[in-house]
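Chemist: So the chains spell out like this:
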Amino acid sequence: EVQLVESGGGLIQPGGSLRLSCAASGFTVSGDHMNWVRQAPGKGLEWVSIIYIGGTTHYADSVKGRFTISRDNSKNTLYLQMNSLRAEDTALYYCARGVTNWGQGTLVTVSS
Amino acid sequence: IVMTQTPLSLSVTPGQPASISCKSSQSLLYSDGKTYLYWSLQKPGQPPQLLIYEVSNRFSGVPDRFSGSGSGTDFTLKISRVEAEDVGVYYCMQSVQLPYTFGQGTKLEIK
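As given, the protein sequences belong to chains A and B, one line each in that order. With this note's numbering, you'll find the first sequence wraps up at 121, consecutive numbering, no jumps. With this note's numbering, you'll find the second sequence wraps up at 159, consecutive numbering, no jumps.
What the hints contain is simulated information worked out from the structure, not anything from laboratory work. Just so you know, not all the hints are guaranteed correct.
Derived lysine to aspartate or glutamate pairs resembling EDC-like cross-links, with alpha carbons at most 20 angstroms apart [as the list claims (entries may be wrong)]: (1) B:K71 with B:E102; (2) B:K71 with A:E55; (3) B:K82 with A:D41; (4) B:K155 with A:E55; (5) A:K52 with B:E157; (6) B:K91 with A:E55; (7) B:K71 with B:D122.
Please take these sequences and the hints and turn them into a complete structure.
Modeler: What follows is the structure, given as structure tokens:
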């Protein structure tokens with residue numbers, strides 16, 4: 010059974026950093042395109058970042074230069090390093106295997 | 049690519065049909081012949097769950113009362129007979145071009 014479990018969210022001050030993790034089971038993160046998608050409170054879905062099977066990465070303009078997606082094949086885990094956080098980054102962050110399987114999300118709140 | 053859904057809300061009597069439209073600002077047909085349009089449902093308090101991939105293919109376990117159709121820039125999700133468990137927000141999404149983009153969402157309620 011495919012499972013994705015996000016962790017690492019929390020309350021952080023503007024300008025701070027957080028690293029989100031997404032532990033996968035039932036498949037290998039290196040064998041699929043992996044996405045991060047976020048949802049601000051009461052809002053719709055916003056794609057954030059992708060890492061392709063080959064390792065190429067892409068980012069939404071809103072996070073480019075501040076966020077970094079990566080994976081650890083030995084731990085079968087996807088990461089999102091978030092730096093220079095802003096209030097508008099406040100959201101529930103989901104990791105997704107392509108578009109087929111989603112985790113439950115981890116909440117990031119950026120506030121002083 | 050801008051994805052525009054209509055309507056933004058829908059109130060349906062159980063057993064009645066429902067239809068949601070999704071229009072994209074550019075064609076979602078890729079050079080490999082596939083059209084990268086998806087439909088997902090986000091039930092209250094849950095992550096999105098995939099219903100339909102590549103316009104018209106039901107994902108594993110999705111009831112056959114859900115169907116997708118369309119081509120190019122115009123797409124439709126139809127529910128033949130709405131059930132109480134179908135409440136939530138429906139999103140279309142494209143992955144033919146980065147950044148991937150979602151529609152605004154259509155909230156389905158039961159009358």
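Chemist: Could you tell me which of the hints above the structure violates, numbers in ascending order?
Modeler: Going through the list in order, the structure violates no hint and respects every one.
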